[in-house]
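Visitor: Residues per chain, in single letters:
2 protein chains.
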Amino acid sequence: MPTIVVEVMPKAELLDPQGKAVAGALGRLGQTQSALANVTGVRVGKRFEISIEGEADADALAAVRELADTVLSNSVIEDVVGIHVQDAPSSAVA
Amino acid sequence: MPTIVVEVMPKAELLDPQGKAVAGALGRLGQTQSALANVTGVRVGKRFEISIEGEADADALAAVRELADTVLSNSVIEDVVGIHVQDAPSSAVA
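Those protein sequences? They're chains A and B, same order as listed.
Quick note on the working numbering: the first sequence kicks off at 1 and runs consecutively.
Quick note on the working numbering: the second sequence kicks off at 95 and runs consecutively.
Everything labelled a hint here was simulated from the structure, so no lab data went into it.
Incorrect hints may have been included.
What the hints assert, rightly or not - Here are the computed distance ranges between Cβ atoms for each label pair:
hint : chain 1 : residue 1 : chain 2 : residue 2 : range
1    : B       : M95       : A       : M1        : 35 to 45 Å
2    : B       : V170      : A       : E55       : 32 to 42 Å
3    : A       : G54       : B       : G148      : 40 to 50 Å
4    : B       : M95       : A       : E53       : 33 to 43 Å
5    : A       : P89       : B       : V170      : 17 to 27 Å
Note that the structure is predicted; figures quoted are calculated from it, not measured.
For glycine and all other residues, C-beta sits at the position ideal for the given N, C-alpha and C.
With the sequences and hints as input, model every part of the structure.
Guide: Next comes the structure, spelled out in structure tokens:
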């Protein structure tokens, strides 16, 4: 059962308050951990995993692209930055 | 200025209410659009883009992995499913 991944990020030209908050928190942590001191910005977006029946063929991808543009993202403030197929739902990296 | 992408998804064995809501909405839309009728599940996670100064070398990736595990994800309910480097912040796909 293939999984189609849709990635949505806030538009680059808009303020991302959630990302700003994370960057601020990292900055405060970074005062004691030098590896974090060189983070210059954080943006937070969404990642959808859509499981479908059947083949992840061009028709399925076109349908998901349509979905991504109309339902999964708000085109006023967000961009769909990636749509790709993976074979199975994600599991944790080691 | 390289960007490190961190992908966080809810653990596979846990209910994802946001994903269920999206799947339900797609199901209702799918009654008139047959291409959506074969969606069997949706899970919603987060995607962080972390801009850093300097090189995205092993040290930087190790620092970001540490961050991902401690700050960007809640290990009780979420898994870090991917950490990778991209050259620039994402822009919209055509």
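Visitor: Hints the structure violates: just list their numbers, smallest first.
Guide: Result: no hint breaks.
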